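Now for the letters of each chain:
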Amino acid sequence: MSATGPVHEALAALPLVDHHCHGVVTAGLDRDGFESLLTEGEPWPGISPFDTPAGVAVRRHCAPLLDLPRHAPADAYLTRRAELGAHEVNRRFLAAAGTGTFCVDTGYTPHRITTPAELAYTADATAYEVVRLETIAEAVMTEGVEPDAYTTAFRTAAEEAVRRPGVVAVKSVAAYRTGFDLDPARPSAAEVTEAARHWSAAGGRLTDPVLVRHLLWTAVDLGLPLQLHTGFGDNDIRLHRVDPTHLTDWLHLTKGTIPVLLLHCWPYQRQAAYLAAVFEQVYLDVGLTLHHVGPARSRAILAEALEITPFRKLLYSSDAYGLAEFYRLGALAFRRGLGDLLQDRVDADELSLPDALRIAAWAAGDNAHRLYGFPPPEPIPASASAPAPESRQHRD
Amino acid sequence: MSATGPVHEALAALPLVDHHCHGVVTAGLDRDGFESLLTEGEPWPGISPFDTPAGVAVRRHCAPLLDLPRHAPADAYLTRRAELGAHEVNRRFLAAAGTGTFCVDTGYTPHRITTPAELAYTADATAYEVVRLETIAEAVMTEGVEPDAYTTAFRTAAEEAVRRPGVVAVKSVAAYRTGFDLDPARPSAAEVTEAARHWSAAGGRLTDPVLVRHLLWTAVDLGLPLQLHTGFGDNDIRLHRVDPTHLTDWLHLTKGTIPVLLLHCWPYQRQAAYLAAVFEQVYLDVGLTLHHVGPARSRAILAEALEITPFRKLLYSSDAYGLAEFYRLGALAFRRGLGDLLQDRVDADELSLPDALRIAAWAAGDNAHRLYGFPPPEPIPASASAPAPESRQHRD
Amino acid sequence: MSATGPVHEALAALPLVDHHCHGVVTAGLDRDGFESLLTEGEPWPGISPFDTPAGVAVRRHCAPLLDLPRHAPADAYLTRRAELGAHEVNRRFLAAAGTGTFCVDTGYTPHRITTPAELAYTADATAYEVVRLETIAEAVMTEGVEPDAYTTAFRTAAEEAVRRPGVVAVKSVAAYRTGFDLDPARPSAAEVTEAARHWSAAGGRLTDPVLVRHLLWTAVDLGLPLQLHTGFGDNDIRLHRVDPTHLTDWLHLTKGTIPVLLLHCWPYQRQAAYLAAVFEQVYLDVGLTLHHVGPARSRAILAEALEITPFRKLLYSSDAYGLAEFYRLGALAFRRGLGDLLQDRVDADELSLPDALRIAAWAAGDNAHRLYGFPPPEPIPASASAPAPESRQHRD
Numbered sequence: 100m101s102a103t104g105p106v107h108e109a110l111a112a113l114p115l116v117d118h119h120c121h122g123v124v125t126a127g128l129d130r131d132g133f134e135s136l137l138t139e140g141e142p143w144p145g146i147s148p149f150d151t152p153a154g155v156a157v158r159r160h161c162a163p164l165l166d167l168p169r170h171a172p173a174d175a176y177l178t179r180r181a182e183l184g185a186h187e188v189n190r191r192f193l194a195a196a197g198t199g200t201f202c203v204d205t206g207y208t209p210h211r212i213t214t215p216a217e218l219a220y221t222a223d224a225t226a227y228e229v230v231r232l233e234t235i236a237e238a239v240m241t242e243g244v245e246p247d248a249y250t251t252a253f254r255t256a257a258e259e260a261v262r263r264p265g266v267v268a269v270k271s272v273a274a275y276r277t278g279f280d281l282d283p284a285r286p287s288a289a290e291v292t293e294a295a296r297h298w299s300a301a302g303g304r305l306t307d308p309v310l311v312r313h314l315l316w317t318a319v320d321l322g323l324p325l326q327l328h329t330g331f332g333d334n335d336i337r338l339h340r341v342d343p344t345h346l347t348d349w350l351h352l353t354k355g356t357i358p359v360l361l362l363h364c365w366p367y368q369r370q371a372a373y374l375a376a377v378f379e380q381v382y383l384d385v386g387l388t389l390h391h392v393g394p395a396r397s398r399a400i401l402a403e404a405l406e407i408t409p410f411r412k413l414l415y416s417s418d419a420y421g422l423a424e425f426y427r428l429g430a431l432a433f434r435r436g437l438g439d440l441l442q443d444r445v446d447a448d449e450l451s452l453p454d455a456l457r458i459a460a461w462a463a464g465d466n467a468h469r470l471y472g473f474p475p476p477e478p479i480p481a482s483a484s485a486p487a488p489e490s491r492q493h494r495d
Numbered sequence: 100m101s102a103t104g105p106v107h108e109a110l111a112a113l114p115l116v117d118h119h120c121h122g123v124v125t126a127g128l129d130r131d132g133f134e135s136l137l138t139e140g141e142p143w144p145g146i147s148p149f150d151t152p153a154g155v156a157v158r159r160h161c162a163p164l165l166d167l168p169r170h171a172p173a174d175a176y177l178t179r180r181a182e183l184g185a186h187e188v189n190r191r192f193l194a195a196a197g198t199g200t201f202c203v204d205t206g207y208t209p210h211r212i213t214t215p216a217e218l219a220y221t222a223d224a225t226a227y228e229v230v231r232l233e234t235i236a237e238a239v240m241t242e243g244v245e246p247d248a249y250t251t252a253f254r255t256a257a258e259e260a261v262r263r264p265g266v267v268a269v270k271s272v273a274a275y276r277t278g279f280d281l282d283p284a285r286p287s288a289a290e291v292t293e294a295a296r297h298w299s300a301a302g303g304r305l306t307d308p309v310l311v312r313h314l315l316w317t318a319v320d321l322g323l324p325l326q327l328h329t330g331f332g333d334n335d336i337r338l339h340r341v342d343p344t345h346l347t348d349w350l351h352l353t354k355g356t357i358p359v360l361l362l363h364c365w366p367y368q369r370q371a372a373y374l375a376a377v378f379e380q381v382y383l384d385v386g387l388t389l390h391h392v393g394p395a396r397s398r399a400i401l402a403e404a405l406e407i408t409p410f411r412k413l414l415y416s417s418d419a420y421g422l423a424e425f426y427r428l429g430a431l432a433f434r435r436g437l438g439d440l441l442q443d444r445v446d447a448d449e450l451s452l453p454d455a456l457r458i459a460a461w462a463a464g465d466n467a468h469r470l471y472g473f474p475p476p477e478p479i480p481a482s483a484s485a486p487a488p489e490s491r492q493h494r495d
Numbered sequence: 100m101s102a103t104g105p106v107h108e109a110l111a112a113l114p115l116v117d118h119h120c121h122g123v124v125t126a127g128l129d130r131d132g133f134e135s136l137l138t139e140g141e142p143w144p145g146i147s148p149f150d151t152p153a154g155v156a157v158r159r160h161c162a163p164l165l166d167l168p169r170h171a172p173a174d175a176y177l178t179r180r181a182e183l184g185a186h187e188v189n190r191r192f193l194a195a196a197g198t199g200t201f202c203v204d205t206g207y208t209p210h211r212i213t214t215p216a217e218l219a220y221t222a223d224a225t226a227y228e229v230v231r232l233e234t235i236a237e238a239v240m241t242e243g244v245e246p247d248a249y250t251t252a253f254r255t256a257a258e259e260a261v262r263r264p265g266v267v268a269v270k271s272v273a274a275y276r277t278g279f280d281l282d283p284a285r286p287s288a289a290e291v292t293e294a295a296r297h298w299s300a301a302g303g304r305l306t307d308p309v310l311v312r313h314l315l316w317t318a319v320d321l322g323l324p325l326q327l328h329t330g331f332g333d334n335d336i337r338l339h340r341v342d343p344t345h346l347t348d349w350l351h352l353t354k355g356t357i358p359v360l361l362l363h364c365w366p367y368q369r370q371a372a373y374l375a376a377v378f379e380q381v382y383l384d385v386g387l388t389l390h391h392v393g394p395a396r397s398r399a400i401l402a403e404a405l406e407i408t409p410f411r412k413l414l415y416s417s418d419a420y421g422l423a424e425f426y427r428l429g430a431l432a433f434r435r436g437l438g439d440l441l442q443d444r445v446d447a448d449e450l451s452l453p454d455a456l457r458i459a460a461w462a463a464g465d466n467a468h469r470l471y472g473f474p475p476p477e478p479i480p481a482s483a484s485a486p487a488p489e490s491r492q493h494r495d
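Protein chains in written order, with my numbering: chain V, 100 to 495; chain Y, 100 to 495; chain W, 100 to 495.
No wet-lab data here; the hints were simulated from the structure. None of these values were measured; they are calculated from a predicted model. Errors might be hidden in some of the hints.
Intra- or inter-copy, both count: the list cannot distinguish identical chains.
To be verified - Once the Cα atoms are required to be at most 20 Å apart in a straight line, the calculated SDA-like pairs of lysine to any residue come out as:
id, residue 1, residue 2
1, Lys354, Pro283
2, Lys354, Gly127
3, Lys354, Leu323
4, Lys354, Glu139
5, Lys354, Asp174
6, Lys354, Asp282
7, Lys354, Gln380
8, Lys354, Ser135
9, Lys354, Arg304
Assemble the whole structure, with the sequences as input and the hints as a guide.
Structure follows, in structure tokens:
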């Protein structure tokens, strides 16, 4: 776990493309608020989220950035964090992440979190937007739509959303709604109308399997890369139904259309690697996982993910939500894990150093640049939508 | 694999809570008898169970306790074992296990094995009892019950069983009977009566899916922690149906009721970890696995199990049945594997030593104490039911 | 990853039994041709199959055998390969593999590849044949058969095929056709006739679930060991349906009949190990996987496969098809991975050296010899069917 050698140095110098993340909370956080965001579960009586691999990693790798000793106790950590204030804390961790480009899923906002522009400003980086399709579909339904107009209304709303400047991809959380064991075929107009009728009557979230399929096929029509949550998440997931290999038939049907980005993947990183090895359009990352397992296990998970994944198919994402610490931890765990893995292969003469540096640069950002073709000049000028002065009073 | 450092020393000094195990055979064992117990398969012509990771571990780590050299041949091992006699052998291995507390599943007794009291006496430890619910249900059916009285009869018998002094948990082997891909809802009275009618007519083991569900819900009513076999076992298992994530819907329905202890878990230790991370009531161990893979792989498996498991959710069990060697091996593999994993993180400064020691103490026993709340003074006084003198003639 | 120590030396000296492979292409290969064979996917624009773990391993471990420096660029590699000519290249890699015995699946020949005799001649080794049952069944159907005569015609053709000298096993690619989530029972005559009628009308490959079951049961009747593709393959696979534990019920029904060899297995090597531990007739290898992951990960995968696999149940195969490089890489990754794993256990005193050497010899070939009982004198005399002089003009 010693982070030394030319591959580590190269990775330290490379600004990352974090191709899937959310924002950071802009307000200060008390213990409950912080602990709630630290876990995919909940804080339970007697079981602090600090007593997890992620909690240990925060105390080890984030405390020093708040001027505390490594492994500072949770209480000291939270006190110092409050003392510095949200904006300063966010600024420090985002700077430490060394990320140059963010793709921000803007469709999940139970807390007041940064907009892409605010995130870009705080991190001194560039941010693009990822449109969450379920959010679009649910807005369409909430606003009221005749069942037989649903397809057009959803498609129109989605097209409008992705035309916004800076949008580079769409995302689906089908994993949370039905899992992937779906009929892979595009549903008929009649099926969609019927399902929309049921949904309209029942209300609530989009969970109808026909409409989830319809959403995935709408993504195909939109033509942008599609990010798909797979594997690990909160307890809304039925984990065995989000093994991405359940998508195989759908991937056959959608060959030659859009890139499909498998997010997170753990514990199915090998299954995701298989798909990335045999389908041109499939890419993967192990985001979310990295900050939850921490640097102590990131190498092991990346090693499994890379057993057969073509080196142009691995991307980096933090999937950080809420806590700025996760940007720091995700980036650290990625650089450390990939660096250790590649440097060890160089040291064992299994890989040449130039090849290792090339693979590191690909995964750190080149693969994302190739795939998303980020529009030059920054699409959401950070200065244009900088936070109002009062909200950045602690900024240096 | 060098078992040194302060974490190893701390673990060596901590008496373990083995929260799920069976007894040891009280009779001597010939080669066939020993080999049958050494494998989850069977001894097959030309394929000795000694030629497995478990067999190698027995010859390496158990032979010295019988005054033989490390890696002693199987024949020499069995000869010396017979020479010392069952009681002395059992005593030596149980002492070497360094276990202070056993929770003994008393519902599986194809051999004459120790009672909890006998196990406690031999090991100079405390034993509690775990009531296997299938055994209760099958006794109720065997004794004869009207189908529409089954629910009450089973419930009454189970309540009676768990009122016995020293009972701290119930257990289900639903994994062996149906797997976990069950309707999660509590079955209706009519459904249970109908299923009981079929079972009554057909005889045999409890395998009806309705009655298995009913059993799991009866466990909820009983209010004690529920131990669930998951993953690895003998060939009665359909392994893909005992991935514990199939329990997700049932875990949602039973939130806020009883603790659920996932036993064994391999090869689904990451899936079990996910459940432990997102459901308050879920805990796990990697018992059974540890003595079968031996110390050479226990660290790797614990590392996967701990990728995201909250540190208050990991328990120790041996799941040892029959051979006293398994108590020794399970405890060794646990202490070695966890010690190596934690000590390496301390050495890499990923974890502070006080945190490592705390996590070690939690997993070794504190988590079990917190969960089971073992009743003080020993509930089954060892002396009261000590083996008769003739059966312990070899005891020192 | 240092390949030193007595176990490595022993493995280097042991001629391997490669119990499942295909032939090597006899013609020269241009870049497209080579890259197509280097991946289980396809060469995609901008994503060279050289930029994979397998591609890196070819440049590292195969380039020196073509008189190039380690890590030679892909272009230089392909130029030198063309310069030497197919026969010389094949000869060099096959010699470097150190394989004494090949079992060759002759039922998959999209390219002109070596016959078993040609492979044996080029490698200076012995070759046996494995009969692919789907190929037999499809030939029977193509030649025309009345639906109610299908069972007899297939059985007769299969019996004829396995009577050919040198045939030691049969193989099924049921994994590619239906996966293993099949009714385990032998289908009735009426079911088979009905299914054959449909197939006869529809044409194409054998994909009917009834006929796939029928094929597996025909394998039982033939009495030879049955090789089963499981896990990893090209995108014709639905990976989640080829987890070999789906075969559990069928393995119960076929106990005491034929040996069943689980091929490849990744990412289900632990699931395969479970079956090998609890069913007498089950054996496994991690072929195909080894050359795709390369020596950098072969030890990790073998370690998982061997967590509980009885040591008499692990076999070696390359599953090499097309590229002679894969014979070299598969053998290297196996020897290196197993050598590292066993030597480290010896160094840690977890395993005695004599036991390690015994286990190495078993896996390298003794287990295959025991299982297949290869007929002495070479059944397909290499000289009798040596390639014509013009096709071996580059041979030294």
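Fill in: Violations among the numbered hints
Result: hints 2, 5, 9 break, sorted rising.
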